[in-house]
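The hints should help you fit chains B and C with the ligands onto chain A, whose structure is shown.
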Amino acid sequence: MRKRPDKTLGESLRDHGLSRRGFLKLCATTASLMALPPSLAPAIAAALEQARRPSVIWLSFQECTGCTESLTRSHAPTLEDLIFDFISLDYHHTLQAASGEAAEAARFQAMEENKGQYLVIVDGSIPGPDANPGFSTVAGHSNYDILMETVEHAAAVIAVGTCAAFGGLPQARPNPTGAMSVMDLVRDKPVINVPGCPPIPMVITGVVAHYLVFGRLPELDAYHRPLAFYGQSIHDRCYRRPFYDKGLFAERFDDEGARQGWCLYRLGCKGPTTYNACATMKWNDGTSWPIEAGHPCLGCSEPKFWDAGGFYEPVSVPLTLGPTTLLGAGAAGGVIGGGLAAMARKQVKQDAATRQPVTVDELEQKL
Amino acid sequence: MSVFDPARAHPAPGATCARSAREHGHALPILHEIRHALERLLASGEETRIDLQSMPFGPGDLERLTAVLGQGEVQARVEALGPTLIQETAIPGVWLVDYRSLEDQRLSYQIEIATLPEILRPRPEDLAESLAALDARLSESGLDAAAPNASPSSS
Amino acid sequence: MSGSMEFLLWTKGPLFNIALAIFAIGLMARLVEIFMLGRAPNYAEPRAHEWPAGLRTMLTRTVADPGTFQRAPFNVVVGWVWHLGFLTALLFFVPHVELIQGVLGFAWPALPNPVVDFATAITLLALIATLVHRLTHPVKRHISTIEDYLVWAVVFMVVLTGYLAYHRLVEPYPLALGMHILCAEILLIILPFTKLTHIFTTFIARWYNGAAFGRKGVQS
Ligand code: SF4
Ligand code: SF4
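Residue numbers (full-length UniProt numbering), protein chains in the order written: chain A, 1 to 367; chain B, 1 to 155; chain C, 1 to 220.
Keep in mind the hints are simulated off the structure, nothing from the lab.
For each residue, glycine too, the CB sits at the ideal point set by N, CA and C.
Treat the hints with care, since some could be wrong.
What the hints assert, rightly or not - A few chain B residues facing chain A, derived, Cβ under 10 Å:
#  : residue
1  : 39
2  : 53
3  : 55
4  : 59
5  : 61
6  : 63
7  : 108
8  : 109
9  : 122
10 : 123
11 : 138
12 : 140
13 : 141
14 : 142
Said to hold, decoys possible - Here are the simulated distance ranges between beta carbons:
#  : chain 1 : residue 1 : chain 2 : residue 2 : range
15 : B       : 137       : A       : 11        : 23 to 31 Å
16 : A       : 350       : C       : 63        : 39 to 47 Å
17 : C       : 129       : B       : 91        : 52 to 60 Å
18 : A       : 98        : B       : 115       : 50 to 58 Å
19 : A       : 344       : C       : 209       : 16 to 24 Å
20 : B       : 85        : A       : 116       : 22 to 30 Å
21 : A       : 256       : C       : 138       : 52 to 60 Å
Just chain A, same shape as in the assembly (with noise of 0.2 Å):
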């Protein structure tokens, strides 16, 4: 098992022979991954020096490993780099090599040499407490508790994807596993989330790099998800965004303002509510994103973006109300009006019947 070094970062890079301007490009590149202005390179310098890589266990729960293989297509760092330079991966039950026994071991191991140092990176899901633990287990232990205790004496538990960070599409309706995230289950660590389906590969990374230059955790907005990344909306970075401005909308996937590149409110585009990085990182090495491939954006990293109406019906239309529902309501309307109106005129002519005339003289009599 690969211990945990007592080098610093830094007194490691040089022992593999990394030159001083080679550590330059990786502090100019390591700003740019965690989403900081080039200007804090020098700084990232000076923490990177002494950092110490952090011992990393990885779970994965109810997931598709859609998230694992966007993390394999990152490419700065590679993932090589992260596991052997920036963190000691110690447990990743996809990615390592050994597997049953030895696999639970090395975990545990990691635990007991790192207590209260180590980070833990969720992906996926997992079945709540009252849930039936058959739903998901890992060498036959329910997720929930290998969670439980994994996360005991962890510095802080990292939620990859939008299933650990939300629940995602395990806790789609009606939610057959009873599929909670991360931040619904532990309550006494820090969580952060790093939501998408899957997360850019750079955000991930970037985050756990983030942990590590800084040796603390990212600014985090309400839903746990670290700022650098999830501080502005798609729609806000979106280059579409001054066709929005102007009014200038693609209504058909093959019209004419879909071939000029128009905004894609109208299609079903999330952007205006959704949060994360994609308009200034984009996908695959930066060469695109979902919207300048011409597709509404999904809302992927956003809480039930699973149960969140139509991906082709925009941010404005209601979830479930439609002309049936309306006609229906109408027309319980309509009766119920007849129904008023007709008692009121049961009372006009029953108060008709039963009418005492009464004289002005009788009126003054009263007074």
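Here is chains B and C with the ligands on its own, set in the frame of chain A:
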């Protein structure tokens, strides 16, 4: 609110007619930023770096930007943790720095407004060791054995 | 857990259904009630047809006559401005058109966002002016009821939250949008039970008056 896209009125000289119809207007603000940075460089020597990968560019915006900046006389390549390609633009003091990985993928693409990009300059720590490095090489070469007045190594 | 996105989805989902159901039921109940109440049969021979007079009155009472204008120019001008602005934003803003399409199954072309934005800004200013006028004009102030202020507040909040959301002046955006939808839902819910019902009854009432006068052969 929606300002009339000013970049549309002044298409970048490098943009071809076919592409200029799809102006997304994100090159212009960067050019203004470069202008301010140049003013600072001239006035106080302050250097500026702009990370082009954090910009919400639309298709063609980056090309339009680099086309306006043009090509200068200097091209350089640094081999450290993969290649870094440096290109002087047609504007002296404005450099394009392309950090690439060992697999030659782009890690970061930045504009530096400086007399010389940081990565081309020797690191101060390296510079401090330069005399020693030369002396070491000299003694290795055996040339100094013939010259009795060789300067002593400074420490 | 509950955050801005859950709030937005709640306003777009269950609450929207409830609000629209109350609105539809309430409004239909009131309209049917009004129509069914009917009138006492009039045995007098009509002097003229009801329809032309009714339709004419719908128009004439919409456009203020010179006398009214001279007596209360502020009411006429500002009233017109904010009603038109409000309707422009309500009926021709792209997201609203999409909403109408989603709920009714049909819709109409929308106006460009800058036009709607302008109309909204004007509406906001006009609404503030109406409140100031209401509070400073002694007669208006005297005859104003709680309901008047409530209706003003709800309408104003709908426009204000919409303006803030469009310009993304409140973070996070799902909260801003949720607030706007919530205000609109409050408007829908109180609509059938307050003077806001006039959205649907004004023209009926104007026709009714005109028709009654027309039948008697008097001008209205
Ligand atoms: S395409 Fe989507 S994110 Fe971009 S401007 Fe339009 S609505 Fe906003
Ligand atoms: S564009 Fe939207 S749906 Fe697509 S990856 Fe980005 S946040 Fe997710």
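These are the hints, each one checked on the structure:
For residue 39(B), the interface hint is violated, the least distance from its beta-carbon to any beta-carbon of chain A being 17 Å, above 10 Å. Of the supplied interface hints, the one on residue 53(B) holds, with its beta-carbon coming within about 6 Å of a beta-carbon of chain A, less than 10 Å. The criterion of a C-beta within 10 Å of any C-beta in chain A is met by residue 55(B), whose closest approach is roughly 7 Å, and the hint holds. Because the smallest distance between the Cβ of residue 59(B) and any Cβ of chain A comes to about 6 Å, under 10 Å, the interface hint for this residue holds.
The beta carbon of residue 61(B) is positioned within 10 Å of a beta carbon in chain A (closest approach about 7 Å), and the interface hint is therefore held. A cut of 10 Å between beta carbons decides the hint on residue 63(B): the least distance to chain A is about 13 Å, and the hint is violated. Given hint, residue 108(B) at the interface with chain A, holds; its Cβ is 4 Å from that chain's nearest Cβ, closer than 10 Å. Contact between residue 109(B) and chain A, as hinted, is supported at the beta carbon level, the nearest pair being about 8 Å apart and thus within 10 Å.
A distance limit of 10 Å between C-beta atoms decides the matter here; for residue 122(B) the minimum to chain A is near 8 Å, and the interface restraint holds. The beta carbon of residue 123(B) comes within 4 Å of a beta carbon in chain A, closer than 10 Å, and the hint placing it at the interface holds. For residue 138(B), the suggested interface contact is broken, since its CB lies about 22 Å from the closest CB of chain A, more than 10 Å. For residue 140(B), the shortest C-beta to C-beta distance to chain A is roughly 20 Å, which exceeds 10 Å, and the interface hint is violated.
Against a cut-off of 10 Å between C-beta atoms, the interface hint on residue 141(B) is violated, since the closest Cβ of chain A lies about 23 Å away. A distance limit of 10 Å between C-beta atoms decides the matter here; for residue 142(B) the minimum to chain A is near 27 Å, and the interface restraint is violated. For residue 137(B) paired with residue 11(A), a C-beta distance near 26 Å keeps the hint of 23 to 31 Å intact. For the hinted restraint 39 to 47 Å between residue 350(A) and residue 63(C), the CB-CB distance of approximately 44 Å keeps it satisfied.
With their beta carbons about 53 Å apart, residue 129(C) and residue 91(B) fall inside the hinted range of 52 to 60 Å. Checked against the given bound of 50 to 58 Å, the beta carbons of residue 98(A) and residue 115(B), roughly 53 Å apart, stay inside it. At roughly 22 Å, the beta carbons of residue 344(A) and residue 209(C) sit within the given window of 16 to 24 Å. The hinted window of 22 to 30 Å between residue 85(B) and residue 116(A) is violated, with their beta carbons roughly 44 Å apart.
Here the CB-CB span from residue 256(A) to residue 138(C) is close to 58 Å, well matched to the stated 52 to 60 Å.
The structure shown violates the earlier hints numbered 1, 6, 11, 12, 13, 14 and 20.
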